[in-house]
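Q: For reference, the chains in residue letters:
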Amino acid sequence: MSAAADTGSANGDAVLSARNIVMSYGGVHALKGVNFDIHRGKVTTLFGENGAGKSTLMKVLSGVVTPTSGDIVLDGNLVSFSSSSDARDRGISIIHQELSLAPNLSVRDNIFMGRELRTRTGLDFAEESRQARALMADLEEDIDPMTLVEDLRLGQQQIVEIARALSVDSRILIMDEPTSALSATEVEVLFKVIRDLTSRGVSIVYISHHLEEALQITDYAVVLRDGAITATAEARDIDLEWIVRNMVGENFDLGSPPIGHAFGEVALSIEDVSVVDTSGSGYSVVDHLSLDVRAGEIVCIYGLMGAGRTELLEAVAGRVPMAGGRALLEGEDVSGLSIAQRISRGLVLVPEDRQRDGLVQTMTVGRNLSLASIEAFAKGLFLSRSRERELVEDSIRKVTVKTAGGNAMIGSLSGGNQQKVVIGKMLTTNPKVILLDEPSRGIDVGAKAEVFRLLSERAAQGLAVVFSTSEVNECLSIAHRIVVMRRGRISAEFGANATKEQIMAASGEAVVA
Amino acid sequence: MTDVSQAREQSSPSAGGEGFDLAKLLLEGRAFFALIVIIVVFSILSPYYLSVANFLTMASHVAIFGILAIGMLLVILNGGIDLSVGSTLGLAGVVAGFLMQGVTLTWLGVVLYPPVWVVAVLACMLGAVVGLINGVLIARFKVPAFVATLGVMYMARGLALLMTSGLTYNNLGGKPELGNTGFDALGFNRLFGVPTGVVVLVVIALIGSIVLNRTAFGRWLYASGGNERAAELSGVPVKTVQISVYVLSGICAAIAGLILSSQLTSAGPTAGTTYELTAIAAVVIGGAALTGGRGNIRGTLLGAFVIGFLSDGLVIIGISSYWQTVFTGAVIVLAVLLNAVQYRRRSKLPSATGGQPTSQKRGKAEPANPAQGKTAR
Numbered sequence: 001m002s003a004a005a006d007t008g009s010a011n012g013d014a015v016l017s018a019r020n021i022v023m024s025y026g027g028v029h030a031l032k033g034v035n036f037d038i039h040r041g042k043v044t045t046l047f048g049e050n051g052a053g054k055s056t057l058m059k060v061l062s063g064v065v066t067p068t069s070g071d072i073v074l075d076g077n078l079v080s081f082s083s084s085s086d087a088r089d090r091g092i093s094i095i096h097q098e099l100s101l102a103p104n105l106s107v108r109d110n111i112f113m114g115r116e117l118r119t120r121t122g123l124d125f126a127e128e129s130r131q132a133r134a135l136m137a138d139l140e141e142d143i144d145p146m147t148l149v150e151d152l153r154l155g156q157q158q159i160v161e162i163a164r165a166l167s168v169d170s171r172i173l174i175m176d177e178p179t180s181a182l183s184a185t186e187v188e189v190l191f192k193v194i195r196d197l198t199s200r201g202v203s204i205v206y207i208s209h210h211l212e213e214a215l216q217i218t219d220y221a222v223v224l225r226d227g228a229i230t231a232t233a234e235a236r237d238i239d240l241e242w243i244v245r246n247m248v249g250e251n252f253d254l255g256s257p258p259i260g261h262a263f264g265e266v267a268l269s270i271e272d273v274s275v276v277d278t279s280g281s282g283y284s285v286v287d288h289l290s291l292d293v294r295a296g297e298i299v300c301i302y303g304l305m306g307a308g309r310t311e312l313l314e315a316v317a318g319r320v321p322m323a324g325g326r327a328l329l330e331g332e333d334v335s336g337l338s339i340a341q342r343i344s345r346g347l348v349l350v351p352e353d354r355q356r357d358g359l360v361q362t363m364t365v366g367r368n369l370s371l372a373s374i375e376a377f378a379k380g381l382f383l384s385r386s387r388e389r390e391l392v393e394d395s396i397r398k399v400t401v402k403t404a405g406g407n408a409m410i411g412s413l414s415g416g417n418q419q420k421v422v423i424g425k426m427l428t429t430n431p432k433v434i435l436l437d438e439p440s441r442g443i444d445v446g447a448k449a450e451v452f453r454l455l456s457e458r459a460a461q462g463l464a465v466v467f468s469t470s471e472v473n474e475c476l477s478i479a480h481r482i483v484v485m486r487r488g489r490i491s492a493e494f495g496a497n498a499t500k501e502q503i504m505a506a507s508g509e510a511v512v513a
Numbered sequence: 001m002t003d004v005s006q007a008r009e010q011s012s013p014s015a016g017g018e019g020f021d022l023a024k025l026l027l028e029g030r031a032f033f034a035l036i037v038i039i040v041v042f043s044i045l046s047p048y049y050l051s052v053a054n055f056l057t058m059a060s061h062v063a064i065f066g067i068l069a070i071g072m073l074l075v076i077l078n079g080g081i082d083l084s085v086g087s088t089l090g091l092a093g094v095v096a097g098f099l100m101q102g103v104t105l106t107w108l109g110v111v112l113y114p115p116v117w118v119v120a121v122l123a124c125m126l127g128a129v130v131g132l133i134n135g136v137l138i139a140r141f142k143v144p145a146f147v148a149t150l151g152v153m154y155m156a157r158g159l160a161l162l163m164t165s166g167l168t169y170n171n172l173g174g175k176p177e178l179g180n181t182g183f184d185a186l187g188f189n190r191l192f193g194v195p196t197g198v199v200v201l202v203v204i205a206l207i208g209s210i211v212l213n214r215t216a217f218g219r220w221l222y223a224s225g226g227n228e229r230a231a232e233l234s235g236v237p238v239k240t241v242q243i244s245v246y247v248l249s250g251i252c253a254a255i256a257g258l259i260l261s262s263q264l265t266s267a268g269p270t271a272g273t274t275y276e277l278t279a280i281a282a283v284v285i286g287g288a289a290l291t292g293g294r295g296n297i298r299g300t301l302l303g304a305f306v307i308g309f310l311s312d313g314l315v316i317i318g319i320s321s322y323w324q325t326v327f328t329g330a331v332i333v334l335a336v337l338l339n340a341v342q343y344r345r346r347s348k349l350p351s352a353t354g355g356q357p358t359s360q361k362r363g364k365a366e367p368a369n370p371a372q373g374k375t376a377r
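For the protein sequence lines, the chains are W and Z, in the order given.
The numbers in our numbering rise by one with no breaks, and the one at position 453 of the first sequence is 453.
The numbers in our numbering rise by one with no breaks, and the one at position 221 of the second sequence is 221.
The shape of chain Z in the complex, shown without the other chains (with noise of 0.2 Å):
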């Protein structure tokens, strides 16, 4: 008792001087920072880069890196990697496609027209399935999280190659007599001015939000990814928090899909190819640590809009591709140079992060584990 009131007084007046705070103030919001130079920059270069109509249509790219970004997110957190994102994307369109064209039910004569939303719950359930085969190779068969979602990622990617044999389906628009039709609706289409896929990922962020801050799975999902022994004697039912970040990042990956083909008005096989690597290079940037248990929607949403809005100022300003790949390429490596930084100097300084400063002295900060640790498993 007296000792927590001690260590109370001697917290009360905060250390570190005030020029060392703006270095930290940097090092913590570079992702906004980085995004406010970017708008900044590009506004100067172009004169079209400023303006509300451009920032609809940018933002409707970023909408879809969004969204498989927080999917990317949660997986990350958990302390996995979730390579299949991209070729679920491109599953998803393509199935969400073949149900558009209507499916011919041969030993009953007759063909099927769902309606679109019954094709979006249809897709959604897609990408659960690929998620949870994902989950479970990952948390039941202890296949490594990069291996397993590799393996995934060829073959959903070949499963939307075989279904299509190669080609796009260029039709989504259904017929109004056989009541499939608003496939616009659900990326092409504005509300209120706004593209639906910007709208979705809004709800998306917010949903995810509320469950990693206010929820008991978010909380698991925070203690498995930062100490997964620690959670599960704590009682946390790691393998189903393991297994549902797949889940969810298949199902985030499915709706992408749906936006992405709704936004063409067209769904390819090849659709999403490499966006994986953009949704992780989007978390990243973002602040999280692909060690886990560290990151939020926050920073994962500005991570994704520092790459978005970075490519599209470049080609805005007609920039080559080649050289859009490059910059995207340092974005990313800066990223994670300042993310090391920033964890360095958390575990140095725990009080500089951590929000309030400690009332322990330095020295017995030591972490004082004996013996093991290091080696042991």
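Pulled out of the complex, with its shape left as it was, chain W reads as follows (with noise of 0.2 Å):
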């Protein structure tokens, strides 16, 4: 914490200062006395895992909460923030780590929700429309204005979410994890609008699990850790591995492929698979795509956003039902069985958004954890409780889930727990083939080196695990194999030796596009 005290000297190029902010929600201080500037014109980032509450101080800075204890410096005025919108007339907006469009909504009518343009008789909808559409442009992104934003795939929902942040002329934009649903290309026109925004003298704060990404952009760098600042320096002066040490505190390792076990037989084998498009357009997002994985192999799929890493896995786990081809399970064709059916033969999906796919919010650790291996603890009609409760122990201490235990409740997890709930779940079935889609995402480093360290366990234990990600460091961390994904079709398969170059031009992401 006493690190916090250099930043003092750099106030003179502070427009909005925190000055000992304490955040306490209960008797739990999420913010511990935090001092931080976000410097004129500049790109302030702030690092940390998840939980360090670098979503709290935004939501300070912002006018969403009222802080315990603490000032708020604008310009060098105390200021006082009464809401969110008061916060947005003095020049200050951001951009919400979880999306706020209303998905009926065009992306139009999104971008001017509650700050209509009017004319005398009623709403200027060809001002708005041309607005919209010239932000649009800035962005490089080719969507209509009139387009419904449930219409689009997710990283473009982003995209309208940053537009309309943009359109509102801020003098300090704070971004939470704006990228988390873009691709590389959409990453580089974001930074390249950041770029000109600063130049235009706007200060912008910026947050991101991606490190190298944040790394790219920022001016100034602020590490949280545990509610409170350990750390900040200009980015001329750290790296990589600077960001890391005072996130967690010590150096991590994602892990390297687990070696000294043989491969089994093939467990999964992918035939010809084509997905078509749910959404009517008729273009198959997998196109004729055939992979093996061979027990106790861990086998990366890495590939953009809609490079059809979900559809493929999602289809391979009968969530959606293939176009062409099919998945054999050791041999037996499951293309034709219900989801039921195949995780009790032993192929289980480790869904990509663990809130909307993963847990069931309304019920505990324990029955989130045993919810897909019932059958396990029944006896005839009924379910027995103790074996339940073993169960449930069990699968805690394997999965190290840090919980008060299986009875409280999932939304008192942190996100990375939350994370090893869901995995835990699916290997507590037994599985003989897990696919996991993008399981790292939204989860902290730390949280991250286990669920590696526990795939490679299982791994070594003859478990197939097929992963997909979009961070390169990934695929070079326990992967005995790397499968580059691109529109659809495997562009690409490496070794555990590739590259990260030789990755990101498969993918079309860095040389080629």
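I should point out that these hints are in silico values taken from the structure, not numbers from a laboratory.
These numbers were taken from a predicted model, which means no experiment stands behind them.
The reader is advised that the hints may include incorrect statements.
What the hints assert, rightly or not - Simulated pairs of lysine-lysine, DSBU-like, Cα-Cα distance not exceeding 35 Å: (1) Z:239 - W:32; (2) Z:24 - W:432; (3) W:500 - W:432; (4) Z:239 - W:379.
If you follow the hints, you should be able to join the two separate chains into one complex; please do so.
A: Structure below.
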């Protein structure tokens, strides 16, 4: 915490400063006396693990919540924001981590929601459309302003969210994980926009789990850990390792491929699988793709947003229908089976979005963990509570979920631990093949490393693991084999010794694009 | 491993003051306290209220709503709604009445008089069929539950009216020589002094509790009501569960219809009008969430007793039926308000209602779902 005092010296160019901010919920301190400066016309990046208090701090600075104690200084004057619109009127806007768009409205209506342009008789739709189109052009995104938001893919929705924040001429723009659903090209465009904004004197606060990416754009780095600032520095003085060290307090390693066990027979065989886009456009998001995975092998599927990774995994797991081809589990065709039948035969999926598809928020940690393996503790017609308790406790121990116990509500866990519950739920079914769609999404480095360690342990015991990712670093961790997907097809396959450049080139991300 | 034990240690000293717990207790047990308040107040206001005889009478009224409400609870736990139960109740009663009059098979030239147990089984099957129609419309054809059951509500009521041309079957007694007596046993008679309806309610409540808490089906129901997508990906047969709850709700409605006809010794086509709303109210007063996944039998029974004891109490002390309606409505609004308070607290303070204090610092409880959630469907 003493390091926080350093920021005082840079006070001169701070447009907005937080002084000694304490934020308590009940008896728990989410922020413990934070001093934070937003530098004028620069990008200040806030690094920190999940639960470090980044989002809370940003909510304080953008007027969404009022701090328990502490001051906010704007242009040298003490201020207090009564609401987020109050903060917006003073030139501070925020792009929230969670999208806050109305899916039933058009892009234009979303961008101008709450501050519609008026003519004397009504709304100035023409001007709104014009501005919306201009914003989309700035962001190099080919989206018609009249498109309904629900018809956009997630990445494009995020672009709309960004466009909305840009449409207000803010002096300070806070971006909380703006790129989580963006492709590399879209990120590039966003960075161009950010540089353009800073050159016009706009101050940016940037938050991201993609450390490398954030490092590219940042001018000042601030690291938050457990509600306190642990380090601040100028970007030119630091590197990735410095950030990670200050974030987690120790060196980390995402692991390396488990060795010393022989691969078994082919566990999962994907043969010539095609999946047609659900929105009815008729094009194949997965296009005649074939892939074999052997028992004990870890395969990483790398690809950009829209490469078809999610669709492929969901089709294999039975969530979406295949338009062609089949999937074999240990030689048996499972294509016609229900999800439940595939699970009982040993083929499971950990979905991409744990809130929407992974967890039942109304149930406890234990009931979430045991949900997919109810047969294992059913005695005839009834469930055996003692056997369920054993199962849950065993599972909590094996996947190292930090929780008060099986009876805690699932919402009381951090993101990383929630993800461990989703993975643990599927591992509890004793699968032969586990598919994980972006298992590291939205979880911190520490949890990520634990998840990967867990998977490599299980692989050493003969589990076939297929996981998808959009972070190259993760491919180069525990995977024995890296499969790059591009436009629904496999564009390249590498061993564990591939380089980042090779992988990114094959995905159409770096060189070719 | 070390993480877990560490977390356990942190969790052992329980957080939260004592005064806070009283508020929590009152909030969690609100339906129970409301029932006690109702009983105390009416016992003071009327000398007749607090007696075994009156309680049994009131309980037999509650039985009808209670049985409907248990069926409704299953549907609401699933995140649905069943507006057709009142009409199903009426239809089942009318069909039972019709069967008791004897079925004339013209092409055989005989009149069949089915025994009462056959009548009861047929009526329950009818309820199941109505529920099946609801369930298939909703699960298979994706008709919103509100609209599907609204339509079925009208159809069932219309059929009941058609069958009797709007008249009521007053003779349900049967004849000894035809072997179809005993309709009284379904609700009018008493078993060891307790009205049959109440016995049936208790039996259904027990079965319901066991199903919800101790069977895979119960777990599936809570899971698919809490998050259908997650449940489906965990291998829960969500469609089967969804259809089943409507079938069970339909059967409960038919049972209630039989009991009501037996209690009244008549079967009218307009019986049970607006009872679906009372059933929903009982479920809500019992603390269930209309969004699904939260609620239990105990609460729902308490809800049914609150409504039943309140309205009968108002009758006993002679308050006008118009005021009764106002009071009942006020209780429902209050209940929903308190539900909202409870669920808001639960989402903010997971440890306060989760039964155990959680180990995590609150800061860590920030829902870290990236980007999605709100907008994506």
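Q: Which of the listed hints are broken here?
A: 1, 2
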